[in-house]
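This is what each chain is made of:
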Amino acid sequence: MTAANVEIDGAVRDATSLRAFLHGLPGVDEVGANARAAGLATRSIKKASKVWALETAIGMVDLTTLEGADTAGKIRGLCAKARRPEPSDPTCPPVAAVCIYPDLVAAAREHLAGSGVAVASVATAFPSGRASLSTKLADVRDAVAAGADEIDMVIDRGAFLSGHYQRVYDEIAAVRERCDPARLKVILETGELCTLDNVRRASWLALLAGGDFVKTSTGKVSPAATPPVALVMLQAVRDFAAATGDRRGVKLAGGIRSAKEAVRYLVMVKEVAGDAWLDPALFRFGASSLLNDLLMQRSKEATGVYSGADYVSID
Amino acid sequence: MSWEYAPAPESRETARLKSSYQMFVDGEFVDGNGGAFKSVNPATEEVLAEVAGADATDVDRAVCAARRAYERVWGPMPGRERAKYVFRIARLIQERARELAVLESLDNGKPIKESRDVDIPLAAAHFFYYAGWADKLEHAGFGSNPRPLGVAGQVIPWNFPLMMAAWKLAPALAAGNTCVLKPAETTPLTALVLAEICQQAGLPPGVVNVLPGGGDTGEAVVAHVDVDKVAFTGSTEVGKAIARQVAGTRKRLTLELGGKAANIVFDDAPIDQAVEGIVNGIYFNQGHVCCAGSRLLVQESIAGDVLSALKDRLQTLRLGDPLDKNTDVGAINSAEQLARIQELTAAGDAEGATRWSPSCQLPDRGYWFPPTLFTGVTQAHRIAREEIFGPVLSVLTFRTPDEAVAKANNTPYGLSAGVWTEKGSRILHVAQRLRAGVVWANTFNRFDPASPFGGYKESGFGREGGRHGLEAYLAH
Numbered sequence: 001m002t003a004a005n006v007e008i009d010g011a012v013r014d015a016t017s018l019r020a021f022l023h024g025l026p027g028v029d030e031v032g033a034n035a036r037a038a039g040l041a042t043r044s045i046k047k048a049s050k051v052w053a054l055e056t057a058i059g060m061v062d063l064t065t066l067e068g069a070d071t072a073g074k075i076r077g078l079c080a081k082a083r084r085p086e087p088s089d090p091t092c093p094p095v096a097a098v099c100i101y102p103d104l105v106a107a108a109r110e111h112l113a114g115s116g117v118a119v120a121s122v123a124t125a126f127p128s129g130r131a132s133l134s135t136k137l138a139d140v141r142d143a144v145a146a147g148a149d150e151i152d153m154v155i156d157r158g159a160f161l162s163g164h165y166q167r168v169y170d171e172i173a174a175v176r177e178r179c180d181p182a183r184l185k186v187i188l189e190t191g192e193l194c195t196l197d198n199v200r201r202a203s204w205l206a207l208l209a210g211g212d213f214v215k216t217s218t219g220k221v222s223p224a225a226t227p228p229v230a231l232v233m234l235q236a237v238r239d240f241a242a243a244t245g246d247r248r249g250v251k252l253a254g255g256i257r258s259a260k261e262a263v264r265y266l267v268m269v270k271e272v273a274g275d276a277w278l279d280p281a282l283f284r285f286g287a288s289s290l291l292n293d294l295l296m297q298r299s300k301e302a303t304g305v306y307s308g309a310d311y312v313s314i315d
Numbered sequence: 001m002s003w004e005y006a007p008a009p010e011s012r013e014t015a016r017l018k019s020s021y022q023m024f025v026d027g028e029f030v031d032g033n034g035g036a037f038k039s040v041n042p043a044t045e046e047v048l049a050e051v052a053g054a055d056a057t058d059v060d061r062a063v064c065a066a067r068r069a070y071e072r073v074w075g076p077m078p079g080r081e082r083a084k085y086v087f088r089i090a091r092l093i094q095e096r097a098r099e100l101a102v103l104e105s106l107d108n109g110k111p112i113k114e115s116r117d118v119d120i121p122l123a124a125a126h127f128f129y130y131a132g133w134a135d136k137l138e139h140a141g142f143g144s145n146p147r148p149l150g151v152a153g154q155v156i157p158w159n160f161p162l163m164m165a166a167w168k169l170a171p172a173l174a175a176g177n178t179c180v181l182k183p184a185e186t187t188p189l190t191a192l193v194l195a196e197i198c199q200q201a202g203l204p205p206g207v208v209n210v211l212p213g214g215g216d217t218g219e220a221v222v223a224h225v226d227v228d229k230v231a232f233t234g235s236t237e238v239g240k241a242i243a244r245q246v247a248g249t250r251k252r253l254t255l256e257l258g259g260k261a262a263n264i265v266f267d268d269a270p271i272d273q274a275v276e277g278i279v280n281g282i283y284f285n286q287g288h289v290c291c292a293g294s295r296l297l298v299q300e301s302i303a304g305d306v307l308s309a310l311k312d313r314l315q316t317l318r319l320g321d322p323l324d325k326n327t328d329v330g331a332i333n334s335a336e337q338l339a340r341i342q343e344l345t346a347a348g349d350a351e352g353a354t355r356w357s358p359s360c361q362l363p364d365r366g367y368w369f370p371p372t373l374f375t376g377v378t379q380a381h382r383i384a385r386e387e388i389f390g391p392v393l394s395v396l397t398f399r400t401p402d403e404a405v406a407k408a409n410n411t412p413y414g415l416s417a418g419v420w421t422e423k424g425s426r427i428l429h430v431a432q433r434l435r436a437g438v439v440w441a442n443t444f445n446r447f448d449p450a451s452p453f454g455g456y457k458e459s460g461f462g463r464e465g466g467r468h469g470l471e472a473y474l475a476h
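In order, the protein sequences belong to chains A and B.
Under our numbering, think of the first position of the first sequence as 1, with each following residue one higher.
Under our numbering, think of the first position of the second sequence as 1, with each following residue one higher.
Just so you know, the hints here were simulated from the structure itself, not pulled from any lab data.
Hints may contain errors.
Chain B side only, calculated, beta carbon under 7 Å to chain A, not exhaustive [unchecked claim]:
| # | residue |
| --- | --- |
| 1 | Trp-3 |
| 2 | Tyr-5 |
| 3 | Ala-6 |
| 4 | Ala-8 |
| 5 | Asp-267 |
| 6 | Pro-270 |
| 7 | Ile-271 |
| 8 | Asp-272 |
| 9 | Gln-273 |
| 10 | Thr-316 |
| 11 | Lys-325 |
| 12 | Asn-326 |
Don't be surprised by glycine CBs; every beta carbon is placed ideally from N, CA and C.
Make the full structure from the sequences, and use the hints.
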């Protein structure tokens, strides 16, 4: 859609041009977007295509724990699960990453050494983002120093909603600079942005400022990831790639608990962004309980029966 | 990396297909005198069933039965009693929805997801909606004592076989008329299952009669002297012939005919949703839709972007087995219709328009045509003027709102139109100037039993659906 007529070059010259650019993006008709998302959810994924989807989804999970009660022990369990989600089946792929608070990164790093599973850390005064820029950058520096491969930052939703796009942009750009060589995921907290027009603008803002991923939510605000929001974010990375040649990722986080929902999202990824995005480098699920449902469905496809919750580990 | 969806076919056993079907007259299934004909699965050219054809003597029997039922039972029956039957039909359609959906896809060639999610639910919804009117007719705005007309002769097309039957029968029955329904020759099966449902619902004999057959049967229904009301949905050509036939008689007539709708996309449109609307407008039901958005009028300043997004989207459409739940585009209904589409698209090539289709493999057997669009089309091209009734979009451009309206209205038809813009005032300004029975704003091909539907100019007259739809079946 927007691809060719998006004048990316001048967009980030100053606050005025950034605002003009974001408000010049085509609007999103909410009724139509909802209908399209619902239509994609009617795809029927069976047999080999279902097995492929379940295994691919497992490899896209950022296995997450973001609780005040998290400890080194809890992280040890999470990492073991991340490396080998199905202990009795070595053919089951590991997840993409674990996603944790910065002070636990070092512990996770140790448990995941040599596994290929990345360590992602939230930062920038997660989840509210209500702190000074220097505090947020210190948070990022700590996580990167402890060995985080990926930083999940939150945007300043207050600044975004009050129209201070430049401030949001500058903050993302500063974090981008500070988090190198870690990859940057930018959490929009779409449940607080409310409209799909805002989701589109915030997605472009994050992409222009250098985010490697746009991510829906912290998981602390409801609603979190929803199909229409995922649709608009996938359109943003598709159009950004068409305009710049640069493929960026999407991470859906919060509220995705069933394998069925995950498979539906993969359908959306395929049909909206394209097959190239069916890759953990470009698409992730931030989740905890989702993984076990994926495992149960996978074993059901292999054995023909549901094993039940006692046959998957709870970590 | 590429992820292919495995086949996900709906079981054809669900359709409970029989090897032969009889006609439904005076509450019974009987053989006709018109000679049996075959109904074919357009996706495979396989014969599905033999169907009894009606001739003029069968039509006469059916009309007499309908007259008797009208005078003795259905006409005098209080509205609240009629409503019970109509509600019962609606519920039975829901109960047998899967069977009807699979049968519809087999007989018509449309994807199962459309028959399952659109045709059958809307057919049931229509009966539910009009059942509610049956005991409230004096409040419908047609005087304090509106009366039924008598016997309605109804001839319907093949593009939405069951749904069109519902559009015809539901208001007629609710208003107290009895019906002789002639389904299309290529798609008679679901109407005959609907007849079975009428029987199941205990509808008194003769209230609904279903007579399969070809053009001759339809002509006999329209011509019968004891028919009080004729309702026809189909081509403008046949509609004109019916209008001539009925002229000078006491019969009341409503016609729902062809269209060449403009889907107008302004530069401030929600582009992603507009692309969905364009796709839904012309490729839904293989373009076999009288109100299809077959002309895309796109503002010149965004034409390139819209077209490239549209082409990307068309690349994801899945064409193939109509019973596969992931199929988006099914088969063309008949060899005859396929030939017409081929003839008109060849004219498009010859007139200098540029043809484009996504790469997709057509099945070896059956009647198939890929989703197609033509760019560089002008108002003077045949493909911009004539109804193709297939998955073929003609793309034209405009510069100003006035030009868009002028081009949209520059057609003998006037059934529907679409307007895409985020600006509310522009929607109202343009909708007011479009000479079309339905104008959709930021959506397309949306139907609801509460909303009237019908045409201007050569798209016909009379309205179906909503309170307005009752008028066609009431004397006041």
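Status of each hint after checking the structure:
no., hint, result
1, Trp-3, "holds (6 Å)"
2, Tyr-5, "holds (5 Å)"
3, Ala-6, "holds (4 Å)"
4, Ala-8, "holds (4 Å)"
5, Asp-267, "violated (9 Å)"
6, Pro-270, "holds (4 Å)"
7, Ile-271, "holds (4 Å)"
8, Asp-272, "holds (5 Å)"
9, Gln-273, "holds (3 Å)"
10, Thr-316, "holds (5 Å)"
11, Lys-325, "holds (4 Å)"
12, Asn-326, "holds (6 Å)"
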